[in-house]
Amino acid sequence: MIPFAIAGIQMNVAALHENVSAMSHKIDLAMLRFPWVQMILFSELAPYGPVPENHPANLDEVLAVFQEKARQHNVWIIPGSMFVRSEDKLYNEAVVINPAGEVVARYRKMFPFAPYEHGVTGGSECLVFDVPDVGRFGLSICYDIWFPETMRQLTAMGAEVLLHPVLTGTIDRDVELSIARSSAAMFQCYIFDINGLGAGGVGRSLVVGPAGNLIYQSAGQEEIIPIEVDFETVRRQRATGLRGLGQTLKSFRDGNAEFPVYQPGYQSDYLDSLGELGMPLQGTREGIGVPEPAKTMPLQTVSDQPNFDPRVVQAITGGID
Numbered sequence: 001m002i003p004f005a006i007a008g009i010q011m012n013v014a015a016l017h018e019n020v021s022a023m024s025h026k027i028d029l030a031m032l033r034f035p036w037v038q039m040i041l042f043s044e045l046a047p048y049g050p051v052p053e054n055h056p057a058n059l060d061e062v063l064a065v066f067q068e069k070a071r072q073h074n075v076w077i078i079p080g081s082m083f084v085r086s087e088d089k090l091y092n093e094a095v096v097i098n099p100a101g102e103v104v105a106r107y108r109k110m111f112p113f114a115p116y117e118h119g120v121t122g123g124s125e126c127l128v129f130d131v132p133d134v135g136r137f138g139l140s141i142c143y144d145i146w147f148p149e150t151m152r153q154l155t156a157m158g159a160e161v162l163l164h165p166v167l168t169g170t171i172d173r174d175v176e177l178s179i180a181r182s183s184a185a186m187f188q189c190y191i192f193d194i195n196g197l198g199a200g201g202v203g204r205s206l207v208v209g210p211a212g213n214l215i216y217q218s219a220g221q222e223e224i225i226p227i228e229v230d231f232e233t234v235r236r237q238r239a240t241g242l243r244g245l246g247q248t249l250k251s252f253r254d255g256n257a258e259f260p261v262y263q264p265g266y267q268s269d270y271l272d273s274l275g276e277l278g279m280p281l282q283g284t285r286e287g288i289g290v291p292e293p294a295k296t297m298p299l300q301t302v303s304d305q306p307n308f309d310p311r312v313v314q315a316i317t318g319g320i321d
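UniProt numbering puts the first residue of the sequence shown at 1, with every later residue one more than the last.
Hints in this document: simulated from the structure, not taken from any laboratory.
Some hints here could point you the wrong way.
Claimed, not checked - Distance windows between CB atoms, simulated: (1) Gln221 <-> Pro291: 43 to 51 Å; (2) Glu149 <-> Gln267: 15 to 23 Å; (3) Glu276 <-> Trp36: 47 to 55 Å; (4) Phe259 <-> Glu61: 41 to 49 Å; (5) Ala5 <-> Ser268: 41 to 49 Å; (6) Ser21 <-> Ile227: 19 to 27 Å.
To be verified - Calculated cross-link-like contacts (lysine to aspartate or glutamate; reagent style DMTMM-like; alpha-carbon spacing at most 25 Å): (7) Lys295 <-> Asp269; (8) Lys295 <-> Asp272; (9) Lys250 <-> Asp130; (10) Lys250 <-> Glu125; (11) Lys89 <-> Glu61; (12) Lys89 <-> Glu276; (13) Lys250 <-> Asp230; (14) Lys250 <-> Glu149; (15) Lys89 <-> Glu125; (16) Lys295 <-> Glu276.
Note that the coordinates shown come from a computational prediction; the quantities given were computed from them, not determined experimentally.
Glycine included, each C-beta is placed from N, C-alpha and C at the ideal position.
Whole structure, please, built from the sequences with the hints as guidance.
As structure tokens, this is what we get:
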């Protein structure tokens, strides 16, 4: 057994003033009550809330607070995420701080919640990092998990635990929890889905095991959620299958199928027909009375694509032995 203890912090997040001092207190409290914890994870945008204008231009000072706490308690800290500006672009960025107080990794949210997170640019790189002699962690932020490609890439990079800070205050939280559980099962990993409260979300933080099993779900109050994970359980599930059954990672690796939608230059008349990504307005009739695709566009095949590779069709249709 390779145990490692992670504490998710579900706390009230204010939108109009800083939350760094409250987070610092929560770290002290968590380590006082649960001194065996080795990593602390906060929710998305916890330090300054969801309003970009309230985030300082220079984050060195606030990072120094968390770096000192990491050294003080000999603990890994992921202090949620913060808005950062780089080359006139705004990103939603999370950092990883090790027990020596060093910032060892940075991750920028790949899929901002468009169109609602207007003006936020998506990052382009997945992130994994190692805790020496323990295991490999992946980091994603909120809406990223709605795109299974992110989880598949992190898994292919060796991630065994997904750290997933979120800020969800909307009625789709139930759906998001289902996605977290199904993602854990599909990729046989632990997922720490940590939400905030107040301006930081509706809570209901979730920890899921590598069989898609619910380990803990919080409600709507402030809470410290200390959970010990076992990396050997992840490795066993991936080697022998979920509960000794489906070995999905190996099946995907060994399968003949390729997916043309991922090929460079792939064009979809149907996806193009959906229109621009924009915020629905009052009285909108978008999507109502739209003819079904079969009546408005020709049946598109893989061979219609500009970068068509006939081996793709052969693989999908079973034409290759």
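Structure-based check of each hint:
| no. | hint | in the structure |
| --- | --- | --- |
| 1 | Gln221 <-> Pro291: 43 to 51 Å | 49 Å, holds |
| 2 | Glu149 <-> Gln267: 15 to 23 Å | 18 Å, holds |
| 3 | Glu276 <-> Trp36: 47 to 55 Å | 51 Å, holds |
| 4 | Phe259 <-> Glu61: 41 to 49 Å | 46 Å, holds |
| 5 | Ala5 <-> Ser268: 41 to 49 Å | 45 Å, holds |
| 6 | Ser21 <-> Ile227: 19 to 27 Å | 26 Å, holds |
| 7 | Lys295 <-> Asp269 | 13 Å, holds |
| 8 | Lys295 <-> Asp272 | 16 Å, holds |
| 9 | Lys250 <-> Asp130 | 23 Å, holds |
| 10 | Lys250 <-> Glu125 | 24 Å, holds |
| 11 | Lys89 <-> Glu61 | 21 Å, holds |
| 12 | Lys89 <-> Glu276 | 21 Å, holds |
| 13 | Lys250 <-> Asp230 | 21 Å, holds |
| 14 | Lys250 <-> Glu149 | 16 Å, holds |
| 15 | Lys89 <-> Glu125 | 16 Å, holds |
| 16 | Lys295 <-> Glu276 | 21 Å, holds |
Every hint, counting from the list given before, is met by this structure.
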